[in-house]
Amino acid sequence: SAVISQKPSRDICQRGTSLTIQCQVDSQVTMMFWYRQQPGQSLTLIATANQGSEATYESGFVIDKFPISRPNLTFSTLTVSNMSPEDSSIYLCSAGTGAEQFFGPGTRLTVL
Amino acid sequence: KQEVTQIPAALSVPEGENLVLNCSFTDSAIYNLQWFRQDPGKGLTSLLLIQSSQREQTSGRLNASLDKSSGRSTLYIAASQPGDSATYLCALVSQGGKLIFGQGTELSVKP
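Just so you know, the protein sequences line up as chains A and B, in that order. If you use my numbering, the first sequence corresponds to residues 1 to 112, in order. If you use my numbering, the second sequence corresponds to residues 1001 to 1111, in order.
In case anyone wonders, no lab produced these hints; they're calculated from the structure. Being a predicted model, the structure only gives us computed values, none of them experimental. It is possible that some hints are incorrect.
List of simulated lysine-lysine pairs, DSBU-like, C-alpha gap at most 35 Å [unchecked claim]:
| no. | chain 1 | residue 1 | chain 2 | residue 2 |
| --- | --- | --- | --- | --- |
| 1 | B | 1001 | A | 65 |
| 2 | B | 1110 | B | 1068 |
| 3 | B | 1098 | B | 1001 |
| 4 | B | 1042 | B | 1098 |
| 5 | A | 65 | B | 1098 |
| 6 | A | 7 | A | 65 |
| 7 | B | 1098 | A | 7 |
| 8 | B | 1042 | A | 7 |
| 9 | B | 1042 | B | 1001 |
| 10 | B | 1042 | B | 1068 |
| 11 | B | 1042 | B | 1110 |
| 12 | A | 7 | B | 1001 |
| 13 | B | 1068 | B | 1001 |
| 14 | B | 1098 | B | 1068 |
| 15 | B | 1042 | A | 65 |
Covered by chain B, according to a simulated footprint, are these stretches of chain A (three or more residues, beta-carbon under 8 Å) [to be verified]:
| no. | stretch |
| --- | --- |
| 16 | 43 to 53 |
| 17 | 92 to 101 |
| 18 | 105 to 112 |
Take a look, some chain A residues computed to stay more than 12 Å from chain B by CB distance [said to hold, decoys possible]:
| no. | residue |
| --- | --- |
| 19 | 2 |
| 20 | 9 |
| 21 | 11 |
| 22 | 12 |
| 23 | 14 |
| 24 | 16 |
| 25 | 30 |
| 26 | 58 |
| 27 | 64 |
| 28 | 69 |
| 29 | 71 |
| 30 | 75 |
| 31 | 77 |
| 32 | 79 |
| 33 | 81 |
| 34 | 84 |
Backbone N, C-alpha and C fix where the C-beta goes; we use that ideal spot for every residue, glycine too.
Using the sequences plus the hints, can you model the full thing?
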């Protein structure tokens, strides 16, 4: 299994600002993903974080709004740009090397 | 487009009961299926992974089954405890590792 940590665990931000969330895995993994969980909802995939290349975004999510980096096999960042109250959600990183995916504790973001 | 449905949305049972959570999906051409637990305001804990060639997996008081032909999976929890109270999510795993989640079942086990 993989142990995943995220920073920050929570934040309260002002409209129009940006926040970068970090995801660290305790071992090298082939796959890393970013998910969003809006209040009272299930999880929706934002993008696949590709090591050394541009992320692959799902329908409805764009790079300008959610830039993602993955410089190596254990680390990734997600930036939420030009935030609005609608971006208030829990953002979760997941990672795995094969069939099973593991999740970080999530980052709870509130935008005022 | 693959859709995942979980029934019921919420369930309240007395301590000690055995219970079944249901998950259905529209496309039987799945890779794997994974069950998770989420405590309020927390991340997800992986409970069981069923690979597409398997029919069930067991871990302690938990047993998950998979019937691809009917598009269904069930999570059986034996002798439920208050500590089992959480939201349970099933997710289809694509070959690329992406997960498609159901809406979850919120379980409350009363002492």
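Do the hints match the structure? See the list:
Pair hint residue 1001 of chain B plus residue 65 of chain A holds up; C-alpha atoms about 25 Å apart against a cutoff of 35 Å. Between residue 1110 of chain B and residue 1068 of chain B the alpha-carbon distance is near 33 Å, which keeps this suggested pair within the 35 Å criterion. Among the hinted pairs, residue 1098 of chain B with residue 1001 of chain B is consistent with the structure: their alpha-carbon atoms are about 14 Å apart, no more than 35 Å. Pair hint residue 1042 of chain B plus residue 1098 of chain B holds up; C-alpha atoms about 20 Å apart against a cutoff of 35 Å.
For the given pair, residue 65 of chain A sits about 21 Å from residue 1098 of chain B by alpha-carbon distance, which is consistent with the 35 Å threshold. A hinted pair counts as satisfied when its Cα atoms are at most 35 Å apart, and residue 7 of chain A with residue 65 of chain A qualifies at roughly 19 Å. In summary, the hint linking residue 1098 of chain B to residue 7 of chain A is supported, as the alpha carbons are separated by about 22 Å, within the 35 Å threshold. For the hint pairing residue 1042 of chain B with residue 7 of chain A, the CA-to-CA distance comes to about 14 Å; that is within 35 Å, so the pair holds.
Restraint check: the Cα-Cα separation between residue 1042 of chain B and residue 1001 of chain B comes to about 29 Å, which is no more than 35 Å; the hinted pair holds. Using a Cα cut-off of 35 Å, the hinted pair residue 1042 of chain B and residue 1068 of chain B holds, with the two alpha carbons roughly 30 Å apart. In summary, the hint linking residue 1042 of chain B to residue 1110 of chain B is supported, as the alpha carbons are separated by about 21 Å, within the 35 Å threshold. Restraint check: the Cα-Cα separation between residue 7 of chain A and residue 1001 of chain B comes to about 34 Å, which is no more than 35 Å; the hinted pair holds.
Of the pairs offered as hints, the one joining residue 1068 of chain B and residue 1001 of chain B holds, with about 16 Å between alpha carbons and a cut-off of 35 Å not exceeded. The hinted pair formed by residue 1098 of chain B and residue 1068 of chain B meets the criterion: a straight-line CA distance of about 18 Å does not exceed 35 Å. For the hint linking residue 1042 of chain B to residue 65 of chain A, the alpha-carbon distance of about 24 Å falls within 35 Å, and the restraint holds. Given a C-beta distance limit of less than 8 Å, the hint that chain B covers the stretch 43 to 53 of chain A holds, as 4 residues qualify and 3 suffice.
A count of 6 residues in the stretch 92 to 101 of chain A with a Cβ less than 8 Å from any Cβ of chain B is obtained; the coverage claim is therefore met, three being the minimum. Given as covered by chain B, the stretch 105 to 112 of chain A passes the check, having 3 residues with a CB less than 8 Å from a CB of that chain where 3 are the minimum. Distance check on residue 2 of chain A: its Cβ comes as close as 10 Å (rounded) to a Cβ of chain B, failing to clear the 12 Å threshold; non-interface status is violated. Distance to chain B contradicts residue 9 of chain A as a non-interface residue, since its nearest Cβ pair spans about 10 Å, not more than 12 Å.
Non-interface call for residue 11 of chain A relative to chain B: holds, since the shortest CB-CB distance, roughly 14 Å, exceeds 12 Å. Once the 12 Å rule is applied to beta carbons, residue 12 of chain A is consistent with being away from chain B; the minimum gap is 15 Å. In this structure residue 14 of chain A is separated from chain B by more than 12 Å, as the shortest Cβ-Cβ distance comes to about 22 Å. Separation of residue 16 of chain A from chain B is adequate, the least Cβ-Cβ distance of about 26 Å exceeding the 12 Å criterion.
Not every CB of chain B lies more than 12 Å from the CB of residue 30 of chain A, the least distance being 8 Å, so the non-interface label is violated. Not every Cβ of chain B is farther than 12 Å from the Cβ of residue 58 of chain A; the closest lies at roughly 8 Å, contradicting the non-interface assignment. Residue placement check: residue 64 of chain A keeps its beta carbon more than 12 Å from all beta carbons of chain B (closest about 22 Å). The Cβ of residue 69 of chain A sits about 19 Å from the closest Cβ of chain B, beyond the 12 Å cut-off, so the non-interface label holds.
Against the 12 Å criterion, residue 71 of chain A stays outside the reach of chain B, whose nearest CB is about 19 Å from its own CB. The beta carbon of residue 75 of chain A sits about 17 Å from the closest Cβ of chain B, which is more than 12 Å, so the claim that it is off the interface holds. The claim that residue 77 of chain A is not at the interface with chain B holds, since no C-beta of that chain comes within 12 Å of its own (minimum 17 Å). Consistency note on residue 79 of chain A: stated as away from chain B, and its beta-carbon is indeed over 12 Å from all of that chain's, at 20 Å minimum.
Every CB of chain B is more than 12 Å from the CB of residue 81 of chain A (nearest about 23 Å), matching its label as outside the interface. At roughly 22 Å from the closest C-beta of chain B, the C-beta of residue 84 of chain A stays outside 12 Å, upholding its exclusion from the interface.
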